[in-house]
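Q: So you can see what is in the structure, the chains are spelled out below.
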Amino acid sequence: MCELINGIFPEKFREEYDRVFKAEKPLFTVVGDLAIKGGYSDSAVCVTKEKIYAFDESFTEHVFSIGIKDIKKTKVKRMYGNAIFFAETVDGKKIRLMRFTFASANVADAASDFINAVVEEGYSDELIYAVENTYEKQRSFCPKCGRKLQSPNAECLNCKGKGKMFTKFAKYALPYKTKLIICMLLSVFTTGMALIPPYITGYMVDKVLPSGQSSMLIRMILVLLGVYILQYTVSAYRAYLLRLTGDKIVLGLKKDIYEKAQYLPMSFYDKTSTGSVINRVNSDTAVIQNFVMKLTQEAVVQLFTLVGILVIMICLNWKLTLFSLVPIPLVVMIGRLFGKKIGPRYMRIWRRSTAISTLLADTVPGIRVVKAFTNEKSVVKKFDAYCDAWLEEDTSVAKISGIFPQLMTFLVTCGTLIIWFSGGSFIISGADGFSVGLLVSFVSYASMFYTPINFFANLNDVYQNTLASAEKILDILDAEPEHDFGKNTNTERIEGKIEFRNVNFSFDRSKKVLSNINLTIEPGDIVGIVGTTGSGKSTLINLIMRYYDDYEGEILIDGKNLREIDMSYYRSQIGFVQQEPMMFKDTVFNNIAYGTPNAHVEQVLRAADVANAHGFISRLPDSYDTMLGERGIGVSGGEKQRISIARAVMKNPSILIFDEATAAVDSETEHLIQEAIERLIRGRTTLMIAHRLSTLRNANKIVVVDKGEIIECGTPQELMALKGKYYKLIQIQSMGEKLQAKKKEENFE
Amino acid sequence: MINYIDGSEIKITENDGIFVDVQFYGSDEKLIGLEPHRLFPRSGGNKYVALLNSEGEQLAIIRDTANLMPESRKVIESALEEYYMIPRITRFIEMTEKFKIWMWTAETDHGVIKFEIRNHMTAVKPLYDGRVLIIDANDNRYEIPDYRKLDKRSRKMLEPKL
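For the protein sequence lines, the chains are A and B, in the order given.
Everything in the first sequence is counted per this note's numbering, starting at 478 for the first residue and increasing by one.
Everything in the second sequence is counted per this note's numbering, starting at 8 for the first residue and increasing by one.
Just chain A, same shape as in the assembly (with noise of 0.2 Å):
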């Protein structure tokens, strides 16, 4: 076995650890990046079966070391931004082993338990693979860079370049690349159309009106009509073709950002707001857009006519060619110094643009609220102060933007004087193969020869401004989505038996919400959840809906391990009511039929009859076909939650959810809910989140949740028996509702 170890041993201690570690060395060490005092420093905890080391700079001689016998427990206090490992020894006192930030809290948490449970039952093999479990998760590096993963066997973002970036779009672009090469074709055809008339031009001033033929002046100037006919016609089909190309490579995009954002993991959207979603898929994905456009369309047809041009301009004369080339360098620094002040300044107004958007996509659907606290004025307020800094970003942006193209059109009429006075020189001192057709050809030629120059010196911005898009982009399509490992592995039905085995989980790694969860549940039981606000219930039903994946641990269910089972097929098997159903955008019966697609008429009748729905759909004038708002709007709450259960009901689930679903409601719709409830869950697994114990009155099985941790587990006589938490809930609930009882009471009377 090699070494398990979450870093590299600190160098200061090594000359301690040698020492202490002659033959036998450690199970498993926990390198810390804090001194035990504060500040950042190198600091370390070895474990071996017996002994504990620990080594830091406060200790005598750097080293601490103590028994696993002497140690009644150990912990690991977290704090704010950083954590301590203490151990409690059998006499009472309390020693700091280590402190880290929460880089290393996972290995030293795992260290505690580790050591807690060899103090209780003695030093076993199995223990060991706990531990190695989470180094493992923690051991995800890059093997190329050392780059710590998301997970293991990720693909590291370090390692592959830019060019990867451009791989990745390409690939939207790849099924229409008949259509892009007809199109640069086309381009090719147009910019040598483009290239005739200052020839045509040049031969006439020096040819044509010399000779004063009037027929030769009509044939010239007809040839001139074919070409710019020719040359418009097909520059617009090829506009056509190219626009449509770009849309639909472009939907491919915002098509591919959606599905993947449907995807992702709950984890992505605690941290990412919903605003700057939307913006990635609509607002980023047309800068895109514009930029494949600029380069399919435009970049081509640049690029032949500065090439075509050059070489029509070192053809007719190389001295003029090299005096008009001086500007270039110039033009081209300032195209690069451009490129580099407003890079960062996209960014920033993409980010003040996004604080807008999530704050419409807060207020605008919750207009109700802001209403009902009047908070109408601060709310502008704080919209005017978003679009201020917007402007303030943009403001410089514009600046920056507004100067720089047109330095760079000053300095390329520059260009054309330059043309005009060496060439009016040549001209004027009578050197050979000079004529004023020549110059008059080679001014309108140079003139389109700066187009392109500052095009691409321009391509910089866009250029710009897209990388910052593109990033945002990638965000979500190189995200990792949801770990589907067990894809394909159906089971004829789920029974419904769910086990938690020491179920740990944290959502960052600042505070534990659960830990070591210990529970089995069997097919058909009904199970209330009971605990306050915050005690980590609904955490629980996250994790068995497989909303959150990074737990340590493991949940079983039907003694399968949760993460190797199909996960579609399994959330297919949840029936899910919450607090708060969502109504999506459509008809009650759309809403009912939501997770059944194909479903028959008379299956949703009897879903929603089922869910004691019926009665009041049939009575709305448009009946299924009402139309149901944002969120809802039209129907009450306890109607809302009525048509959530006929959709749990479509699934025909093996598992049901509640999560406090009639916490919302008045006690008369509670009881037709309840009702409701009670015909669904026959033979199915039920768990019940519940605040108002009396609805958990069919339960058969009471879990108490306190802190992230299962205080009391048992049937309610159980419970009742026990005199513990649950006891005193049911009191404190009891003696409310006697008082309501009386006070009821006394107002009738």
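Calculated from the structure, these hints are not laboratory results.
Be a bit skeptical, because a hint or two may be false.
Claimed, not checked - Derived EDC-like pairs: lysine to aspartate or glutamate, alpha-carbon spacing no greater than 16 Å straight-line:
hint	chain 1	residue 1	chain 2	residue 2
1	A	LYS974	A	ASP1002
2	A	LYS514	B	GLU78
3	A	LYS554	B	ASP23
4	B	LYS159	B	GLU101
5	A	LYS748	B	ASP146
6	A	LYS554	B	GLU89
7	A	LYS1202	B	GLU62
8	A	LYS526	A	ASP547
9	A	LYS514	B	ASP23
10	A	LYS818	B	GLU166
11	A	LYS989	B	ASP23
12	A	LYS554	B	GLU62
13	A	LYS499	A	GLU480
14	A	LYS859	B	ASP136
15	A	LYS988	A	ASP1027
16	A	LYS489	A	ASP519
17	A	LYS988	B	GLU104
18	A	LYS571	B	ASP23
19	A	LYS974	A	ASP1035
20	B	LYS81	B	GLU42
21	A	LYS570	B	ASP23
22	A	LYS1184	B	GLU62
23	A	LYS550	A	GLU527
24	B	LYS163	B	GLU104
25	B	LYS18	B	GLU78
26	A	LYS1184	B	GLU64
27	B	LYS121	A	ASP519
28	A	LYS514	B	GLU88
29	A	LYS817	B	GLU166
Following the hints, put chain B in place on chain A, whose structure we already have.
A: For chain B alone, coordinates are given in the frame of chain A:
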């Protein structure tokens, strides 16, 4: 109901590191091993500090530790100092980027630290008063009290990410 403490009615003595003992004047009862918690760790500093017992229940709130007796104040503030580690960044030494994962090296009041930023869109939060809050890939927090007061080089590195 919340018990507020304004200042001189309590005496705070040292317990162990992040814990303190509290005694009300005129009462013999001594509350042992209370944990002071900032109610506004990001915005409020040492104003509104809750005292929690070992069960995590709040016993009282100190409105402002500055109004405590000097001895008591010293004890509680050092306990808070111990609990809350939000390194204040004074200078940026280096920011390297490879494909939008950043390694930042910064000088803080706790020493020099190198940390990883996965996505500066979500990890770097500028506030309107010039403060900047940073959360690294390991969920550790850092703070820049006023980015406008950083040296020119650090500002140049940071500003594009705001």
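Q: For this structure, which hints from the list above don't hold up?
A: 2, 11, 17
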